[in-house]
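Protein chains in written order, with the working numbering: chain U, 159 to 584; chain Y, 489 to 900.
Since the hints were made in silico from the structure, they are not lab data. Source: prediction; values computed, not measured. One or more hints might be untrue.
Just a sample of chain U residues kept apart from chain Y, beta carbon distances all over 10 Å, derived [to be verified]:
hint	residue
1	V234
2	P322
3	D366
4	R367
5	S517
6	P541
In the PhoX-like style, the derived pairs of lysine-lysine whose C-alpha atoms are separated by at most 20 Å in a straight line are [as the list claims (entries may be wrong)]:
hint	chain 1	residue 1	chain 2	residue 2
7	U	K304	U	K510
8	U	K164	U	K304
9	U	K304	U	K280
10	U	K320	U	K179
11	Y	K814	Y	K756
12	Y	K716	U	K430
13	Y	K814	U	K450
14	Y	K609	Y	K668
15	Y	K504	Y	K609
16	U	K179	U	K195
17	U	K571	Y	K836
18	Y	K814	Y	K875
19	U	K400	Y	K529
20	U	K164	U	K376
21	U	K370	U	K179
22	Y	K756	U	K450
23	U	K571	Y	K786
24	U	K400	U	K537
Ideal Cβ positions, reconstructed from N, Cα and C, are used throughout, including at glycine.
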Amino acid sequence: MSATIKKRITLLFETPEEIGKNLQRNDTHLTIKGDHKVVVQTRWQFIRGEGEEKGGDQIRITWKHEDSEINAGSTVINGYINAGLNVYTSDSNITSLHEVPLIETPRYNILHSDNKNDIHLKDFLTTEQLTFVDLNLEASQYDIIKTSNQTEINESWILEAKTPFTIENDNPQILNQEVGLFYIDSQDEVDVNLSGLRCLWENTPQIDRCLKTSLFFKPAFLPPTEQLTPIYLDEPVGLHPKVLVDLSSRIDETNCEYYLFAQLPLEIFVDKFQTSPVFVFGEHDLELPEYKLREKAWGSETLYQLTPGEVNELILHSRYLNITTEAPSFSNISFAPTVFKACDKNSLDIIKNPFYVKSLGLESFFTDDTKFHLLNTTKLTVPIPKPGSDDFNNVQIITGVTILFAIIYLIWKVSPRKLSPKEKKE
Amino acid sequence: MEDNRTTMISLSLNTKWLIPLAIIVRLIFFSYGIYQDKHFKVRYTDIDYQVFNDAARFIYQYGQSPFLRDTYRYTPLLAWIILPNHWLHCYHFSKMTFIASDIITGILIIKLLISCQVSPKKANLYTAAIWLLNPLVITISTRGNCETLLCLLIITTFYFLYRGKLILSGSIYGLSVHFKIYPIIYCGPIAIYLWYRGGAITSRLWNIFKFGIISILTLIGTTYWMYKLYGDLYLQEAWWYHIIRIDHRHNFSIWNVLLYYSSTIPDKTSLATFAFLPQVLVTILLCGVWLPYSVLSKIHNNPSQLLLKLLNIIFIQTFTFVAFNKVCTSQYFIWYIILLPFVVANTKMDWKWEGIPMIVSWVATQGLWLQQGYNLEFLGLNVFYPKLLLAATSFFLANVYIIGQCIQDLIV
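Modelling step: build the complete structure from the supplied sequences, incorporating the hints.
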């Protein structure tokens, strides 16, 4: 039985004038050519069976390219996504996916991949779904939620200025298609008001109707302002990278706390006894090198509480790496910590809005009424030295010869021998 | 009797300023440590003290195993000793225990030196310079490092051994091996010492047997007791870990760079597989059997000389053990520093032409290594080969040179 498929495209413009000026419309097509960057969110829903399932296990799959402009896609119509591929499952019995062990947390089990292993987003979609969704891992971010009877795929990307974008409904399998062209009419920390135009296709190539629309919703995530909170590494980095988060311009607020969340690759780890994180899940062995732990975990997830009004200092540690077959070199190990302010709102109307829902992920460690003010996400790179295998024989020879010399020297020293005149005198 | 009384009077006269001074200096360091911990980001307190304290908390709060604390790899007895921190709600309290053991060790060193017929004045001087007023030793105890407890056990072993209290001495020796495995290397020299102490053959054999059986029973008894309380995790963390340990992270050991390289190629047999052999050869056979035999067998009817030579042998053996070990960090140095006063008391070396070159070579090569360690750890430079290896090699060779000089000094 094939699934019922619905499609929705949302375009977020900067001003209402941009919509009017850059939208071309005929009976079947909409063509947009923006003046500025336009945020595009496309949602596919693949529904099997009747109705929306309540409860049951859920899988959430997210993707964001680690080199993308991390803050660029963060707008009022997108929630929070970590860089890389993340597969969350609420089923605690699932402990590995594609032979990669998951990290277990009290809320979910998670697989994280940053392209070092052969796991890709497409591995988690069906052939049918892939005929509709043309994955673009470089330019788009994805947020996919799977339940037993429904898969919802959200794709977000930036439509560059002057680039034409045509929308039509030429696939008869799509039951209906909806397109919203919005601008932010008003926005504060509580409400977002989007206004614009909404067009519908009802299972035909013809546009059924276009209507002026206005909608209000309460966002759970507020994107960073232009004044990003500085996150940087203390120089020189060394083997104990020190992450500095400058919150000196922030003040303590009632019902709000500041945090840093990071997914750390295996090469970097937290000493939970040294820096007291709120939590660290995953690999936190304090001694073993990276190559001894590969079979056990992909890394770790950690959350630190930060103090406003000062520069916060978090000391991490790097593991020893496998030797390289080439000359001695460095591995540049990256991770992208996110700093945010979490505030209790005493209201549950922020759990869900037309564009995203709170789901498995960072938000699941907080109460449902928590609003997240994203302050910055910055990619940090730690160069870790690794020796070259060409030197292995030299290391053996130098060590062996030195030890041999030492043994011979000490045997000579303890062996009975004739005393020198000086020794006799003594 | 008269001699003993005179000795005790001299000791009290000379130590009346030394011991209080040693205590005062430690209290100053201790107080400063609390201040630094409170006001500076870099803490004075040793990271291991935090481990002991956390391990003791598991016992105190939850009645659980101290091994639930990651990286706690010591006897649970140590965590028990730290329990007053939690009873009194005073994090720094157990440092006082370490300081007290440090001071008592100093007093026993002085007494042992006097037993070796070193004048009280010289005994005080050597102990003050090397132990009681040595900034390295003071820092170790006041930062909360437990090595001073082990040092107290070792020195007490020899104190009672000399006085012929073999049951007490053997018990403390067994406890010291339970506390940390390495003192087991002393069993050879101690047995040879007991043999050459004199007496009838049956009496000698009985003394060796008595010391041995008491040591073994104490070791097995305490270990079994801890095993019954804390199970396999105790054996895994406090015993097997130390025996099979391969420390990949940089340390002073000559083996370290090779061990790192070798661990990345698990299928390939390398020299590192046999790293224990030179240590066994040099520490057990050469310095644990041959050296004590060749030195102690020449001493007749002179208990003081026998004790002094034994402590010199123990110094050389410990120095060798540390130099050839697969892991070597600066806290290991205290294992032989405690015995250094007996070397100074015994030496016939010329300070200017032999002593100073030894000290300079030890300090300079260690400085060379520390520079490379800093380059790697804090600057992130890729110095594994050749710089770190050559620095470790030079420090090792300096150690071997010092060991050779000490052996020569002892046997001529």
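- D366 of chain U remote from chain Y - nearest C-beta pair above 10 Å: Holds: least Cβ distance 62 Å, greater than 10 Å.
- Query: Against chain Y, does P541 of chain U keep a CB gap of more than 10 Å to every residue?
  - Reply: violated (6 Å)
- Task: With a cut-off of 20 Å on the C-alpha distance, tell me whether K571 of chain U and K836 of chain Y pass.
- Result: holds (16 Å)
- Query: Any Cβ of chain Y at or closer than 10 Å to R367 of chain U, or is the non-interface label fine?
  - Reply: Holds, because the least Cβ-Cβ distance between R367 of chain U and chain Y comes to about 62 Å, which exceeds 10 Å.
- For the pair supplied as a hint, K504 of chain Y and K609 of chain Y, confirm whether the alpha-carbon distance does not exceed 20 Å. Holds - the C-alpha atoms of K609 of chain Y and K504 of chain Y are around 12 Å apart, at most 20 Å.
- Mind verifying the non-interface call on V234 of chain U? Its CB should be farther than 10 Å from each CB in chain Y. Since the minimum Cβ distance to chain Y is about 39 Å, V234 of chain U lies beyond 10 Å and the statement holds.
- Message: With the threshold set at 20 Å, check whether the alpha-carbon distance from K609 of chain Y to K668 of chain Y stays at or below it.
- Response: With Cα atoms ~33 Å apart, K609 of chain Y and K668 of chain Y exceed 20 Å; violated.
- Message: Check the hint pairing K370 of chain U with K179 of chain U against an upper bound of 20 Å on the C-alpha distance.
- Response: Satisfied, since the Cα-Cα distance of roughly 16 Å is no more than 20 Å.
- Between K400 of chain U and K537 of chain U, does the CA-CA distance stay at or below 20 Å? Roughly 14 Å separates the two Cα atoms, so the pair holds.
- Message: Does K510 of chain U sit within 20 Å of K304 of chain U, going by the straight-line distance between their CA atoms?
- Response: holds (16 Å)
- Message: What's the verdict on K164 of chain U and K304 of chain U, does the C-alpha distance respect the 20 Å limit or exceed it?
- Response: This hinted pair holds, its Cα atoms lying about 15 Å apart.
- P322 of chain U: least C-beta distance to chain Y exceeds 10 Å? holds (48 Å)
Figure legend: structure checked against the earlier numbered hints; hints not met, in rising order: 6, 12, 14 and 20.
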